[in-house]
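**Student:** Once you have looked at the hints, place chain X on chain C.
Residue numbers (the numbering used here), protein chains in the order written: chain C, 413 to 868; chain X, 413 to 868.
All clues given are correct.
For identical chains, the list gives no copy identity; a pair is met inside one copy or between any two copies.
Once the Cα atoms are required to be at most 30 Å apart in a straight line, the calculated DSBU-like pairs of lysine-lysine come out as:
| # | residue 1 | residue 2 |
| --- | --- | --- |
| 1 | LYS686 | LYS525 |
| 2 | LYS602 | LYS550 |
| 3 | LYS625 | LYS654 |
| 4 | LYS686 | LYS654 |
| 5 | LYS686 | LYS855 |
| 6 | LYS729 | LYS449 |
| 7 | LYS587 | LYS559 |
| 8 | LYS625 | LYS645 |
| 9 | LYS729 | LYS645 |
| 10 | LYS602 | LYS625 |
| 11 | LYS822 | LYS559 |
In case anyone wonders, no lab produced these hints; they're calculated from the structure.
As the structure is a computational prediction, the values presented were derived from the model and not from experiment.
Chain by chain, the residues run as shown.
There are 2 protein chains.
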Amino acid sequence: MSLDAVLSHIDATLPQALDRLMDLLRIPSISTDPAFKPDCARAADWLVSELSSLGFQASSRPTPGHPMVVAHGGTGSAHLLFYGHYDVQPVDPLSLWSRDPFDPELQDTPRGKVIRARGSSDDKGQLMTFVEACRAWKAVKGTLPGKLTLFFEGEEESGSPSLVPFLQTNAAELKADIALICDTGLYDDKTPAITTMLRGLLGEELTIHAANKDLHSGIFGGAAANPIRILSKILANMTDAKGRVTIPHFYDGATELPDAIRAQWQSLSFDHAKFLGDVGLSIPAGEQDRTPLEMLWSRPTAEINGIWGGYTGDGFKTVLPAEAHAKVSFRLVGDQDPFAIRTHFRKWVEDQLPADCSATWHGHGNFPAGAMSIANPAFEAARQALTDEWQVPAAYIGCGGSIPIAGYFKTYLAMDAMLIGFGRDDDQIHSPNEKYDLECFHKGIRSWARILARLT
Amino acid sequence: MSLDAVLSHIDATLPQALDRLMDLLRIPSISTDPAFKPDCARAADWLVSELSSLGFQASSRPTPGHPMVVAHGGTGSAHLLFYGHYDVQPVDPLSLWSRDPFDPELQDTPRGKVIRARGSSDDKGQLMTFVEACRAWKAVKGTLPGKLTLFFEGEEESGSPSLVPFLQTNAAELKADIALICDTGLYDDKTPAITTMLRGLLGEELTIHAANKDLHSGIFGGAAANPIRILSKILANMTDAKGRVTIPHFYDGATELPDAIRAQWQSLSFDHAKFLGDVGLSIPAGEQDRTPLEMLWSRPTAEINGIWGGYTGDGFKTVLPAEAHAKVSFRLVGDQDPFAIRTHFRKWVEDQLPADCSATWHGHGNFPAGAMSIANPAFEAARQALTDEWQVPAAYIGCGGSIPIAGYFKTYLAMDAMLIGFGRDDDQIHSPNEKYDLECFHKGIRSWARILARLT
Numbered sequence: 413m414s415l416d417a418v419l420s421h422i423d424a425t426l427p428q429a430l431d432r433l434m435d436l437l438r439i440p441s442i443s444t445d446p447a448f449k450p451d452c453a454r455a456a457d458w459l460v461s462e463l464s465s466l467g468f469q470a471s472s473r474p475t476p477g478h479p480m481v482v483a484h485g486g487t488g489s490a491h492l493l494f495y496g497h498y499d500v501q502p503v504d505p506l507s508l509w510s511r512d513p514f515d516p517e518l519q520d521t522p523r524g525k526v527i528r529a530r531g532s533s534d535d536k537g538q539l540m541t542f543v544e545a546c547r548a549w550k551a552v553k554g555t556l557p558g559k560l561t562l563f564f565e566g567e568e569e570s571g572s573p574s575l576v577p578f579l580q581t582n583a584a585e586l587k588a589d590i591a592l593i594c595d596t597g598l599y600d601d602k603t604p605a606i607t608t609m610l611r612g613l614l615g616e617e618l619t620i621h622a623a624n625k626d627l628h629s630g631i632f633g634g635a636a637a638n639p640i641r642i643l644s645k646i647l648a649n650m651t652d653a654k655g656r657v658t659i660p661h662f663y664d665g666a667t668e669l670p671d672a673i674r675a676q677w678q679s680l681s682f683d684h685a686k687f688l689g690d691v692g693l694s695i696p697a698g699e700q701d702r703t704p705l706e707m708l709w710s711r712p713t714a715e716i717n718g719i720w721g722g723y724t725g726d727g728f729k730t731v732l733p734a735e736a737h738a739k740v741s742f743r744l745v746g747d748q749d750p751f752a753i754r755t756h757f758r759k760w761v762e763d764q765l766p767a768d769c770s771a772t773w774h775g776h777g778n779f780p781a782g783a784m785s786i787a788n789p790a791f792e793a794a795r796q797a798l799t800d801e802w803q804v805p806a807a808y809i810g811c812g813g814s815i816p817i818a819g820y821f822k823t824y825l826a827m828d829a830m831l832i833g834f835g836r837d838d839d840q841i842h843s844p845n846e847k848y849d850l851e852c853f854h855k856g857i858r859s860w861a862r863i864l865a866r867l868t
Numbered sequence: 413m414s415l416d417a418v419l420s421h422i423d424a425t426l427p428q429a430l431d432r433l434m435d436l437l438r439i440p441s442i443s444t445d446p447a448f449k450p451d452c453a454r455a456a457d458w459l460v461s462e463l464s465s466l467g468f469q470a471s472s473r474p475t476p477g478h479p480m481v482v483a484h485g486g487t488g489s490a491h492l493l494f495y496g497h498y499d500v501q502p503v504d505p506l507s508l509w510s511r512d513p514f515d516p517e518l519q520d521t522p523r524g525k526v527i528r529a530r531g532s533s534d535d536k537g538q539l540m541t542f543v544e545a546c547r548a549w550k551a552v553k554g555t556l557p558g559k560l561t562l563f564f565e566g567e568e569e570s571g572s573p574s575l576v577p578f579l580q581t582n583a584a585e586l587k588a589d590i591a592l593i594c595d596t597g598l599y600d601d602k603t604p605a606i607t608t609m610l611r612g613l614l615g616e617e618l619t620i621h622a623a624n625k626d627l628h629s630g631i632f633g634g635a636a637a638n639p640i641r642i643l644s645k646i647l648a649n650m651t652d653a654k655g656r657v658t659i660p661h662f663y664d665g666a667t668e669l670p671d672a673i674r675a676q677w678q679s680l681s682f683d684h685a686k687f688l689g690d691v692g693l694s695i696p697a698g699e700q701d702r703t704p705l706e707m708l709w710s711r712p713t714a715e716i717n718g719i720w721g722g723y724t725g726d727g728f729k730t731v732l733p734a735e736a737h738a739k740v741s742f743r744l745v746g747d748q749d750p751f752a753i754r755t756h757f758r759k760w761v762e763d764q765l766p767a768d769c770s771a772t773w774h775g776h777g778n779f780p781a782g783a784m785s786i787a788n789p790a791f792e793a794a795r796q797a798l799t800d801e802w803q804v805p806a807a808y809i810g811c812g813g814s815i816p817i818a819g820y821f822k823t824y825l826a827m828d829a830m831l832i833g834f835g836r837d838d839d840q841i842h843s844p845n846e847k848y849d850l851e852c853f854h855k856g857i858r859s860w861a862r863i864l865a866r867l868t
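Chain C on its own, in the form it takes in the complex:
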């Protein structure tokens, strides 16, 4: 039986596939809120049931948090692991939703039909593209494509506390030839993409301490250290006039873009003016000698995500505060070591403090960047499959955000990962009125069928 038969079956049974997705979307599996713990377990059980019906050996595996779903099925020399997550973001503020976030609906919009619900794009709709591709394959061919391990997490939206221990404990069971991760997007509305570069992340919160209490700026102003001024000077020093980060050793390990990727990115003709114009800006910030896409995908950054100190209410208070605070995050690339950068950053800050001031620290998340080598032929095979489906050359892209799972697969399972997803920029993930385009769901299923045909 040919791939065409599988694709035809996908087309013919799309309404049933949509019904199944709707069932999953009705389960409010908000992982960060303990009130929804039973719902998370219910979503895991629902997946186990679906996968079992397709012939997988599937189970819901307890963790200290929400369960992992692991399913094994099929035979063959190629062993693929597929990852998605069944948990969703909270829905606040509910008042901004046009309908109940857990009462999914297929809606007509000027840009086509959309599936409106929390989790439709992130990530239930995406993970179901793969499940439905397997179902169609099985229906048409009688077997699953290749040897498959499906691995669904229920804590992705709440920091994945159980993920690394689970990978470590179950490494032998989960290891495959390559991982397929479906939690990213298209390059643009029409262009499919494989994300091969993910930036790492280091979050740091610092507090500068000066006097032992808040002072009156009329009495102590000028003469006594102002921690807001000290913090401002340090944050101002963090980048130079050319937009380069000045922290010593910050760029250690920040490798340059491979030529093949650079050439491919250049062919994307990224519209930087539109990218900034859409958010009301026009002047590129950051390193002045880098192209826009490099800044977004392959260069490390140091951003200030929050700052506070002194009086911030209505009116005016001439206070000279005892403390000032900032939250700073670093996006990391290549082999930049988040632990080394944490050490360098803290020392660099402390070296700038007057001797009678001090800093205290609160480290937030940290994980290194992930860069996939496209030398693995699976990448080019998948790219061809996507190109066939979308009729537009698929792109190797970077992702400015940070998806730690790909790095974890590399670190703990010694396994490359391909990030292939079908989300669109306007899906409003993490926001009210999340949607997933029916076209993305449909062509996503078809894309996986084509990829599986080439990889197995």
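**Tutor:** Same frame as chain C, now just chain X:
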């Protein structure tokens, strides 16, 4: 009858004077809170009643806010105006008070007896030192000392919105030879002082606007302008490595200290190490080539009183915010023009903004500095009187804070002012458990009797 008789009468009747102060302290005349408007009127009426009983022509004069109390009495060639304020600060947080702030009590402490109540030092206890001096004078001599105008404000703690219009409307009635203002402190626990230099104040709140909405720092970080970074760079630029303010024309009109005042300040042997050490600091900030007292009293400053932007809650959010905010205040000296500095500051900030960012402004209070010329012989006369009472040479001092009333008397009534007060640094004005030392109240009354004897 001699001055000694007046002083003896003050000593003999101190318990009754204290009882009267307690009556005034029981009235919760919090001017900033509309709920206490009747109490403010009641405090004004109480003063009118007291002053009328001493032979003053006293009245409570309505304003759009709280009433002014104006009283005229006595005869003689010397015409003195005395200023104080009967309103008080709010008392929040009430939980930090050891007793009801409006149930005053005389308490024994290791450092002597204190009058514990909101307003005991700021400013009811201080204004009553003058009233009680007049009472003793009248009791002993049968007349009031000289020609007196007493002027009590009820909006000092809430920005004095009615003050300038009232001064303008009633200039002829209020004009005297010199004003006496009792709303300041001793130089130290034992040394009386006349404050001759008051700094002006300019308050500015600025908002830096970048993108038209909050962005994800993983997607836009590096490439899009970060208003916190822009704000930090601007605030960092506001002072150079030597602590000098870099805003163009900022120092225009910032006159140098007169030699006589400089010599007098040097004799004070100000303990800068202790001043900073008391608040946990050791390294002088501000202009490196200025003496500590210059920094505190006679040099202009630019301080950051508040800053906020982005995510400031628990945990971490990789937001690249649309806006960042700061509150900045400038202390002004000599002839620095607050309106000119506002203009220069705003232009200086805006000149540093990327073309796709903007700033919006909210101006808070502004008034120029006040410097009294000690050439007026009243100053030396008052200084001698204070020296006689406290048995320590009285000091001409500056005040880092800003008391606009002295400048207003100069501007609207063409009248010099002497600021003489008896507060101590540990009075906790504006804070919970405000107190006024009984010694300060007692010697304050005696000091005014001696000053009145020399001036009338």
